[in-house]
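Asks: The listed protein sequences correspond, in order, to chains A and B.
With this note's numbering, letter number 21 in the first sequence gets 31, and the count goes up by one each step, no holes.
With this note's numbering, letter number 115 in the second sequence gets 301, and the count goes up by one each step, no holes.
If you're looking for bench data, these hints aren't it; they were derived computationally from the structure.
Hints are not guaranteed to be accurate.
[Claimed, not checked] In the DSSO-like style, the derived pairs of lysine-lysine whose C-alpha atoms are separated by at most 30 Å in a straight line are:
1) B:Lys934 - B:Lys578
2) B:Lys291 - A:Lys270
3) B:Lys315 - A:Lys270
4) A:Lys107 - B:Lys931
5) A:Lys270 - B:Lys311
6) B:Lys315 - B:Lys467
[To be verified] Label-pair ranges, simulated between beta-carbon atoms:
7) B:Ile396 - A:Gly217: 47 to 53 Å
8) B:Ile396 - A:Lys270: 17 to 23 Å
9) A:Ala231 - B:Ile435: 54 to 60 Å
10) B:Lys579 - A:Gln166: 56 to 62 Å
11) A:Glu199 - B:Arg308: 44 to 50 Å
12) A:Glu254 - B:Asp857: 28 to 34 Å
13) B:Asp688 - A:Arg15: 40 to 46 Å
14) A:Gln166 - B:Glu407: 52 to 58 Å
15) A:Asp268 - B:Pro325: 52 to 58 Å
16) B:Ser250 - A:Gln166: 57 to 63 Å
17) B:Gly686 - A:Arg15: 38 to 44 Å
18) B:Pro325 - A:Gln113: 41 to 47 Å
The C-beta atom is built at its ideal place from N, Cα and C for all residues, glycine as well.
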Amino acid sequence: MDELRYEAPETLDAAVALLAGADGDARILAGGTDVLVLLHCDMIEPDLLIDIKKIPELTGIAEEDGGFRVGAAVSAMELVEHDAFPKAWPGVVEGVKLIGSIQIKGRATMGGNVCNASPAADSVPALIAAGAIGTIVGPDGRRDVPVEDIATAPGQTSLGKGEILVSFLFPPRPPHSGDAYRRFTPRTEMDIAVVGVGISLTLDDGGTCTAARVVLGAVAARALLVADAAAVLIGTPLDEAALERLAAVASAACRPIDDKRGTKEFRIKVAGVLARRVAQDAYERARGN
Amino acid sequence: MTITQDDLRYDPDRKLKVVGTTPIKPDGVDKVTGRAKFGADVHLPGMLVGKVLRSPYAHAIIESIDTSAAEALAGVKAVVTRDDFPELPPGEFRNISCNFMAREKAFYDGHAVAAVAATSERIAKKALKLIVVDYQVLPHVIDVMDAIKPDAPILFEDMVTQGMDPARGGPTNIVQRKEFTMGDADAGFAEADIIVERVFDTKPMHQGYIEPQACVANYTEDGQTELWCCTQGHFIYRTRLAAVLKMDISKIRVTQSELGGGFGGKTMFYIEPVAIALSRKANRPVKITLTRNEVLRATGPVAGTHSRIKMGMTKDGKFTAAEAELYFQTGPFTGSAFVNAPQAMFTRYDLQNIRAVGYEVVSNRPKVNAFRAPCVPQVVFGVEGVIDELAKKIGMDPIDLRLRNAAVEGYETIYGATFGPVGFVETLEAAKAHPHYTAPLGANQGRGVATGFWFNRGGETTASLNITPDGTVTLLLGNPDVAGSRVSICMMVAEELGIGVDKVRPIIGDTSTLGFNRVTAGSRVTFSAGIAVVLSARKAIKILCQRAAMMWDVPEDGVVFEDGHVRPASSNVGDFEPLSIADIAKKATETGGPIAGHAEIVAEGAGPGFGCHIVDVEVDKETGAVKIVRYTVVQDAGKAIHPHQVEGQYQGAAAQGIGWALNEEYIYDQDGRMENAGFLDYRIPVASDLPMIDTVIIEVPNPLHPYGLRGVGEVPLVPTMAAIANAIDDAIGIRPRSLPMSPPKVLKLIEEAAEGRDRA
Ligand SMILES: Cc1cc2nc3c(=O)[nH]c(=O)nc-3n(C[C@H](O)[C@H](O)[C@H](O)COP(=O)(O)OP(=O)(O)OC[C@H]3O[C@@H](n4cnc5c(N)ncnc54)[C@H](O)[C@@H]3O)c2cc1C
């Protein structure tokens, strides 16, 4: 009978070759906290699982060009407990920390979170707000793409056949920068974001916002990088008027669906509320840096 | 003279050594190490995997089922459908049968229509896909109020509403109507200065046990069957299995596993008869283990309700009358136990004029099952909300208003019984005196209180106690332990025999080892089995005394039993060293054989229980999120045999009520399919959603129990949702009257209030 095959290659080339050469349904297995759940629910019936946790390029955290390079298969707990990374990107870590429980985070990876392509994935808005770049390797070589260009729709990515997301590159942080992420869920934990907001800001010495990236999760088919929302913050000290406008623009940018996790109306309203709260969090952090 | 239940009365002067302490549970270590065997832990040689095919439609006629391709698949050993179960006459057993395997119609998404047994799970799943079911899909109805509309899809063309005068035929989804009255409600309302009348809705809630149902059946060539399963009542399973399979009761032997939660949800079987039928056909043992998806789609929630509640009061706060019109959703088959509701909803207040009418309604969702105080919390949600409004109207403290109206000993209830000593007043006074009640509240916070009542139950109970040759004791019990009852029962034995609790080893016997035991439900077991084991122990003590008298060659009335020893009753009897139980047991062979005591009783005298909950919430007015900030449960236990087990009941029930109050609900798509059949989207609370739930145990002894205890498992769910709604009202000045009080719904209420819109 059709058996499920499991491979754990130790080099990137071997993994790409396996993935590109497979006939049936071949899937990458990182932490498996999405893949194995789908498998047990009979939602997928793969023929081959390729475990990527033994590949060095995917499992390290290193400083690079004043920023960080984080392997796509680094576990969430490893990232959360890293010495330097959480200080540089507290907002990204806030997103990562929200993935499941501590046990789930012991397995789950950011690469999996991005490639699973759920619009509600918690690390994704903060990754996009951070301006993180994904490095992808496939049969045709290597390419770098912004994280916002990886997921295209629920469960769909722009990765081609045989391609693997290898790592994330985080740019260096200018002074007075800060990021933050919050989500809304009915429960405190073990829940899926009804709305998520990631914001990264840079201020000048006087506290005026000079750069901003505002990202909304769970309110469209994929995370939305909302340029208009960033624009209302830039040039302001995030005063009441700017925050009001941010909330309105964020709500207006939402293109949600009604589903079991939240109504359209509710998502739109809460997106504005959260955007405002997250902007204040990021602002506090930026001022402290 | 034989000892009977009537000889066991509460003795206030008795000095207790074991009862009231907190020893380790006899089943505790195995549960912590993972050694305890739950439903899915039984493995037999040659065992097959059983899987159930379920209807994807909420309401459909099953025209035909073609199993031939599945049967032809290599590794498939049996396939069963409706044709493999006896056709039964209309009534309870036919309903049970039609629920575990659909006959003419599938009545809900997830309704079982066929099952296979195969050599592996993969093959079994593959075989399910090969079964061809020809469905004729019918319009469906989910909500209870939609189901009683004149143009609603009808589940049973021949349904006649029972309890209507005259009985009403014609197309209806109303199974029955039951009315309970006392005094004269109209006259009572005429005396009232203030009347509040409101409408409330609650949603079906799943019992949310962590262990999915699992069983192994082994049908043998001589027409007997062994069954291992997780159940709250293996004896009642046996009785019902015999009826639906047309077997002799004695030919079915049911062994219950440790229980990973039940809360009422494991008082009725779903997969057990299917596994037996598969085993019979395959000639091999068959195991079926449900997935969470199946648990949520096909096993019992508790009824959702629609209720109209009206109460009248004088301006100085005396209740004059109460009225209720209640609709209960029961799934496709009767069995909601809705009659509890009109009998319990107002009971605890000194009301003389009550009219309460309940209707049970079928619809296309899984058949409901019991859940802590079945059908009562849903309607107390409304009662305690109305009382909160009444208190506000006259500016009276909500606990004072409840104290002003509290029923006391001698109150004659709507269900006919008269209260003996009850602890409602003591419970309310303790709640009022608790520091929680006067602690300062923060911004956007509010405090609510609500109360609840449950009858508590007794019923058929058996036990057998054996004194081993070294004087330690083995205890055979007949009720699955869902709540730490075992340790409490052992403690009562230890107290009686004057030995340590660790010298009493209990097991729960299978159905062939003891006489019939009523299901573990209704807060009956620690009470009833307590009586049965005390009776057994006293019988054994009598024998110990006889044997000691024989050993000393003195008359039987010349000895007494005290502190685990038989002693001469006085110095006139002779100068003998006291004999321990071990001393006597050692000589049992010479003095007449093994020493034991057993009891087969219908336990009577369960004392009603009362609770009062205090809760603080914080409302995020921008998102509608409600956070439980502080929670205190005050409840009369009669006597807490093992206080930790009692606290566990208080806390666990409150936690479940918090889930029901805030987030738990079944979400259906427009085709009547459940969309959130998993714990990710069916949101029971996680640990971080809950504060530490504080408990206060009140002890107003029940005179009809040897240690004074009352059941404690049902009451603590009853007030929870009402207390939370009252707290939300206190925080934001808006009273939610529909469950769950989830963020989108609370936010909508806030927005409507801001826009000045009125609510119905
Ligand atoms: C109980 C529980 C709670 C959860 N809670 C949350 C939550 O709160 N928030 C949240 O966002 N998620 C949550 N999740 C989902 C899941 O844990 C996350 O999405 C996690 O980040 C997935 O990572 P993984 O390494 O386990 O992915 P996997 O399951 O291994 O993979 C996920 C998908 O990505 C693909 N993939 C993985 N790595 C790569 C790669 N390097 N290149 C290309 N494709 C790849 C896989 O083939 C698969 O399709 C939860 C899951 C569970 C079981």
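Asks: For every hint, state whether the structure bears it out.
Replies: Each hint tested on the structure:
Restraint check: the Cα-Cα separation between Lys934 of chain B and Lys578 of chain B comes to about 24 Å, which is no more than 30 Å; the hinted pair holds. Distance hint between Lys291 of chain B and Lys270 of chain A is fulfilled; the C-alpha atoms sit about 28 Å from each other, no more than 30 Å. Between Lys315 of chain B and Lys270 of chain A the alpha-carbon distance is near 27 Å, which keeps this suggested pair within the 30 Å criterion. Distance hint between Lys107 of chain A and Lys931 of chain B is fulfilled; the C-alpha atoms sit about 28 Å from each other, no more than 30 Å.
Between the alpha carbons of Lys270 of chain A and Lys311 of chain B the distance comes to roughly 27 Å, so the proposed pair stays at or under 30 Å and holds. A hinted pair counts as satisfied when its Cα atoms are at most 30 Å apart, and Lys315 of chain B with Lys467 of chain B qualifies at roughly 20 Å. At roughly 51 Å, the beta-carbon separation of Ile396 of chain B and Gly217 of chain A lies within the given 47 to 53 Å, and the hint holds. At roughly 22 Å, the beta carbons of Ile396 of chain B and Lys270 of chain A sit within the given window of 17 to 23 Å.
Between Ala231 of chain A and Ile435 of chain B the beta carbons are some 59 Å apart, a value that agrees with the proposed interval 54 to 60 Å. Checked against the hint of 56 to 62 Å, the pair Lys579 of chain B and Gln166 of chain A passes, with Cβ atoms roughly 58 Å apart. The hinted range of 44 to 50 Å is not satisfied by Glu199 of chain A and Arg308 of chain B, whose Cβ atoms lie roughly 33 Å apart. At roughly 42 Å, the beta-carbon separation of Glu254 of chain A and Asp857 of chain B lies outside the given 28 to 34 Å, and the hint is violated.
The hinted range of 40 to 46 Å is not satisfied by Asp688 of chain B and Arg15 of chain A, whose Cβ atoms lie roughly 53 Å apart. Checked against the hint of 52 to 58 Å, the C-beta distance between Gln166 of chain A and Glu407 of chain B comes to roughly 56 Å, which is consistent with it. For the hinted restraint 52 to 58 Å between Asp268 of chain A and Pro325 of chain B, the CB-CB distance of approximately 23 Å leaves it violated. For the pair Ser250 of chain B and Gln166 of chain A, the beta carbons lie near 39 Å from each other, so the given range of 57 to 63 Å is not met.
The supplied range of 38 to 44 Å is broken by Gly686 of chain B and Arg15 of chain A, whose beta-carbon atoms lie about 58 Å from each other. At about 45 Å, the CB distance of Pro325 of chain B to Gln113 of chain A agrees with the hint of 41 to 47 Å.
In summary, the structure is inconsistent with hints 11, 12, 13, 15, 16, 17 from the numbered list given earlier, while agreeing with the others.
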